[in-house]
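Kindly generate the complete structure, drawing on both the sequences and the hints.
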Amino acid sequence: MKRKKYISLVFGVWSFSLLSVIGCENVISPLTDDSDKVFAIHGFLDMAADTQFVRVSALRSAILAEQPGLENVVVQSVDQNTLEVVVWSDLVIELDDGTEGILFFGLFTPMSERTYELQVLKDGNLVATGKTTLPESPPYFAGTPSGDTLQFSQIIVVEGITGRPFEVGIRYEVSRPSEDLPETVFIEYQQDGSNTLGGWQFEVFLKRDQFSVLQQIDWPLFGPPLELRRVSAFVSLKSEEWANASNPDNFENAHGFFGSVGRFELPWILTPDDVGKLGYVDRQGPL
Amino acid sequence: MFRIRRRHLIYLCTLALLQVVRSGWSLDARAQRSAISGLVTSTDSGNLLVGATVVLDDLIGERRAVATSSEGLFRFNRVRPGVHTLTVSFIGFESWVDTLQVAPATNQFLEIQLFEQETELGELVIETIRTEADRYIAGLETITPRALSRVPMPDVNYDLAGYLLTLPGFVSTGDRGGQLFVRGGTPTQNLVLLDGIPIYQPFHIVGFYSAFPADIISYADVYAGGFGARYGGRISSVIDIVSTNGNKKRVDGAATLAPFLTSLRVELPIANEDVSLLVSWRESVIERVAPRLLGQELPFHFGDLFAKIHGFMTPTSSVSITVLRTFDKGNVLAQESVNDLDVRSSSWKNQAYGLRYLFLPPDYPAMFEFAVHYSGMESEFRLTEEEFRSSQVQSFGLNMQFHYLLGDTQLHFGIFGNTNIFDYRLGANQRAQRSSVTSGGGFADTQFILNDMLRIEPGVRFESFSHGTSMSIGPRFRATLLPWGSRSRHQFSAAWGRYHQQIVGLNNEQDVSEVFTIWASSPQAQAVPEATHVIAGWKGRLFPWLELSAEGYRKWMKNLAFPVFSESVDGTTRFTQVEGDARGVDLKMEVNLRSFYMGASYALAEVTYTRESGVGRTILIPGVVTTASFQEDAGTFFPPHDRRHQLNVLAQYEWGRNQLGFRWQFGSGLPFTKVNGYYQSLDSDKLTSSGGLTQTGSTFVSRSTLYGERLPNYHRFDVSYERRFTFERVDATLQLGVINALNRENIFSYNIFTGDRVNQLPLIPSVGLKIELP
Numbered sequence: 001m002k003r004k005k006y007i008s009l010v011f012g013v014w015s016f017s018l019l020s021v022i023g024c025e026n027v028i029s030p031l032t033d034d035s036d037k038v039f040a041i042h043g044f045l046d047m048a049a050d051t052q053f054v055r056v057s058a059l060r061s062a063i064l065a066e067q068p069g070l071e072n073v074v075v076q077s078v079d080q081n082t083l084e085v086v087v088w089s090d091l092v093i094e095l096d097d098g099t100e101g102i103l104f105f106g107l108f109t110p111m112s113e114r115t116y117e118l119q120v121l122k123d124g125n126l127v128a129t130g131k132t133t134l135p136e137s138p139p140y141f142a143g144t145p146s147g148d149t150l151q152f153s154q155i156i157v158v159e160g161i162t163g164r165p166f167e168v169g170i171r172y173e174v175s176r177p178s179e180d181l182p183e184t185v186f187i188e189y190q191q192d193g194s195n196t197l198g199g200w201q202f203e204v205f206l207k208r209d210q211f212s213v214l215q216q217i218d219w220p221l222f223g224p225p226l227e228l229r230r231v232s233a234f235v236s237l238k239s240e241e242w243a244n245a246s247n248p249d250n251f252e253n254a255h256g257f258f259g260s261v262g263r264f265e266l267p268w269i270l271t272p273d274d275v276g277k278l279g280y281v282d283r284q285g286p287l
Numbered sequence: 001m002f003r004i005r006r007r008h009l010i011y012l013c014t015l016a017l018l019q020v021v022r023s024g025w026s027l028d029a030r031a032q033r034s035a036i037s038g039l040v041t042s043t044d045s046g047n048l049l050v051g052a053t054v055v056l057d058d059l060i061g062e063r064r065a066v067a068t069s070s071e072g073l074f075r076f077n078r079v080r081p082g083v084h085t086l087t088v089s090f091i092g093f094e095s096w097v098d099t100l101q102v103a104p105a106t107n108q109f110l111e112i113q114l115f116e117q118e119t120e121l122g123e124l125v126i127e128t129i130r131t132e133a134d135r136y137i138a139g140l141e142t143i144t145p146r147a148l149s150r151v152p153m154p155d156v157n158y159d160l161a162g163y164l165l166t167l168p169g170f171v172s173t174g175d176r177g178g179q180l181f182v183r184g185g186t187p188t189q190n191l192v193l194l195d196g197i198p199i200y201q202p203f204h205i206v207g208f209y210s211a212f213p214a215d216i217i218s219y220a221d222v223y224a225g226g227f228g229a230r231y232g233g234r235i236s237s238v239i240d241i242v243s244t245n246g247n248k249k250r251v252d253g254a255a256t257l258a259p260f261l262t263s264l265r266v267e268l269p270i271a272n273e274d275v276s277l278l279v280s281w282r283e284s285v286i287e288r289v290a291p292r293l294l295g296q297e298l299p300f301h302f303g304d305l306f307a308k309i310h311g312f313m314t315p316t317s318s319v320s321i322t323v324l325r326t327f328d329k330g331n332v333l334a335q336e337s338v339n340d341l342d343v344r345s346s347s348w349k350n351q352a353y354g355l356r357y358l359f360l361p362p363d364y365p366a367m368f369e370f371a372v373h374y375s376g377m378e379s380e381f382r383l384t385e386e387e388f389r390s391s392q393v394q395s396f397g398l399n400m401q402f403h404y405l406l407g408d409t410q411l412h413f414g415i416f417g418n419t420n421i422f423d424y425r426l427g428a429n430q431r432a433q434r435s436s437v438t439s440g441g442g443f444a445d446t447q448f449i450l451n452d453m454l455r456i457e458p459g460v461r462f463e464s465f466s467h468g469t470s471m472s473i474g475p476r477f478r479a480t481l482l483p484w485g486s487r488s489r490h491q492f493s494a495a496w497g498r499y500h501q502q503i504v505g506l507n508n509e510q511d512v513s514e515v516f517t518i519w520a521s522s523p524q525a526q527a528v529p530e531a532t533h534v535i536a537g538w539k540g541r542l543f544p545w546l547e548l549s550a551e552g553y554r555k556w557m558k559n560l561a562f563p564v565f566s567e568s569v570d571g572t573t574r575f576t577q578v579e580g581d582a583r584g585v586d587l588k589m590e591v592n593l594r595s596f597y598m599g600a601s602y603a604l605a606e607v608t609y610t611r612e613s614g615v616g617r618t619i620l621i622p623g624v625v626t627t628a629s630f631q632e633d634a635g636t637f638f639p640p641h642d643r644r645h646q647l648n649v650l651a652q653y654e655w656g657r658n659q660l661g662f663r664w665q666f667g668s669g670l671p672f673t674k675v676n677g678y679y680q681s682l683d684s685d686k687l688t689s690s691g692g693l694t695q696t697g698s699t700f701v702s703r704s705t706l707y708g709e710r711l712p713n714y715h716r717f718d719v720s721y722e723r724r725f726t727f728e729r730v731d732a733t734l735q736l737g738v739i740n741a742l743n744r745e746n747i748f749s750y751n752i753f754t755g756d757r758v759n760q761l762p763l764i765p766s767v768g769l770k771i772e773l774p
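Heads up: the protein sequence lines correspond to chains P and U, in order.
Quick note: the first sequence uses this note's numbering, first residue 1, plus one each step.
Quick note: the second sequence uses this note's numbering, first residue 1, plus one each step.
If you're looking for bench data, these hints aren't it; they were derived computationally from the structure.
A hint or two may mislead.
What the hints assert, rightly or not - In silico lysine to aspartate or glutamate, EDC-like type, Cα no more than 16 Å apart, as pairs:
no. : chain 1 : residue 1 : chain 2 : residue 2
1   : P       : K37       : U       : E283
2   : U       : K674      : P       : E167
3   : U       : K686      : P       : D34
4   : U       : K674      : P       : D33
5   : U       : K674      : P       : D36
6   : U       : K686      : P       : D36
Put into structure tokens, the structure is as follows:
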């Protein structure tokens, strides 16, 4: 008798358990209801530009869903050194695939070594931020020119960086005889250069560049010598965010990429002898 | 810390040595003692009787008992000269009793045949439980064919797979795909052996079925952890299946027809009753039956062929040859259209061949076993017409084992060697990759019965590899305590061990629908996966019909490869190393009455993986060992097989020739990762160029907390009814059943990108018929 009671009890508990879960939830909601991350931001600050651009988009709920609009969204930047706030304006553009995208632009020129925070506000609330610090001007030095004729060249060492800056060029400022107005010739350098102790170096082919200068300002090869006013290297350095672009850690509640580019002129002075070897008249001023 | 461990090891070794000396090798009057050994078989079928109880009583009241081995053999050493009574008993057979006159310094070998007994089934069940209770070992579950028959199946055939999922701590992600997770371990960390041959993919594509039909299984030892030194090469669990031998006396066989499978088993005696052949063949029919029966396509085609030749060369030696071939093909995501099979499909084939020789020296207290095997698996995963991946693994193994039975002390040791060859191709345009690794090693497993209450089993395993890693050493230890001696109704057992896995299987565990696995050796200069197990448990029989058990465990796992979510929707699979921690408690209750059986189990478990930030590996590019530099955030998460609660209830009622069975399974939801949304990610390198901000970019997915959400709970209710009929020349069994009787829509797979949901199998009615020779 007791055994039967026991079995009945076990069956009762079992049946109750069974029935209690039959009606349990069986629906999946794959989307996070209250995600903190709702925006993707792509762009960078450029020291060489007076207008800065970023592309901002809201996350879509499905792969093929239409891009949601950005109503009541404000983008602004804050200079962390001066706390100066610049409110950016929006601009609808056509993307390469024919769809529309939204750019925001801010009218200012970022400064070297300064940190800027890009803020995205929705309905007046700060919902996402990204930070970038512009690179500092690198120390550098110019080696002694050497070589004969066309091989006459000079090593420039840019200290404190590893690898080639993403843009490198040499700028020559020359003037025609008896003219005060200088003309500028920029020669882009594609060479990889090489890493050296504490920095990166590349070779400036001074004599070859002279032919390029003559060609670009349309001056005869055997005409009167041009006057050399200034020679400098131009390097563009990317901020640290680029080194970890696939997994950036400078965002709060946002995806994408936000970095900055520093543009730096690195001038040096050639000796009068070297200027003479190049076939210029030396009219270099102080750096 | 290290000193303490070493001191303990030294102590145990000393203890072991003393036991060996005390038990067997002392040079005293025992030199005059004799040995009795024998072979126990069934009179009816000639089959070996494994696990039969053999008791030797002498006139002064000393009693000794052993169980027959997997080859039906037993042995008593150092038997006093004089008169003894030998009793052999086995469930379902009449006991055999004889009085022996033992002369000094002699060896007797007995061939004992037991007659089948006409006994009520209920009595047998109770006796079975008693026998099992005597063998309680932490982490071990011994499965008999009788136990398999308690699980309702969509088939008149029973199968090991169905039973395994009723064990606490055994988790499957679904009823298709054939993936089994044991106490926090993954499918590729399970060692599955059939007659000592490793089987790489032991489950069919429909999760109800393993590659081993119940008819061919003599018994299976399932270690959820804490396994002894004779097993190695995997870090989670061991399923050691011993197949039965064919009938050596007469032709026997059976044929079945059911909606999922058709099967045929034939047993033939050959060579003067000394040799038998057993052949079992199964092939699915569900892909043909489903459209009419269920109104939907189930494009799964699978089957297996098993053959075994067993023969006695002499009364004390035997040889067996085992062959297993399986095939599976199907689209585990198919739900609506069978045409999908032509495009996306998973397929695999196992081939396993093994030879085993066993010798019991008549005049020496030992057994010798020699085995060689070949095992291979080919698998393919086709995503599109052009895009496919293929993988092949082959292993050749040689094994020699020695078993010394020295009274209260047992010493098992062996040496082994393996060569594994791996071949894989990760795309139509990819070059095939081929590699191999050879290993060799040895083990020693001992058992000391210190007194009536305490038995300890220390062991050690070592293995050295041709390349890739240094020698691995895995100490093992197990202890069993019977507080009130051999008549104790409560038993306590504990196990501890360290395990290594040099041959690893890599698959995308994030996606349950991707069962494709690449087998390879662990890359050089990378630490191999390893685990430490600790298990402690209790088993008690409160009443003759009620048994309870509780087992707590913990597994610490290191150097596991786990895939990393790609942010890109069409990104490649990348792996990082994680550390795992699995812990839990398994509770079990069994009620065993004359005509009623009920078993209930509950598992509470938690598995966490911890990933250190670091460099990971990308595998879907040529070379599985390629190290691609990518950073991944550190963190702790629940892997997708972390089932927190699991409840199983089985009930079976028998009356006359009828049998009614129920089964209800409940599993709490498995973890998954929610999505915040999707966005176009622009190439940062192109941003500085003209048009950088108007580029289209790639679609990326923003994910929420890693595995921070749970899928809906799983539950399924199955019912089956059987009636047996006896005719003049054949016996028949008719089976009616309903799988998923409540038609619960259990989720199998959910594509977060498309929102496509694939459910597990719906309500499936079944009618099965089995015809067998009596």
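Does the structure break any of the earlier hints, and which numbers would those be? Violated hints (numbers, rising): 1, 2, 3, 6; every other hint is consistent with the structure.
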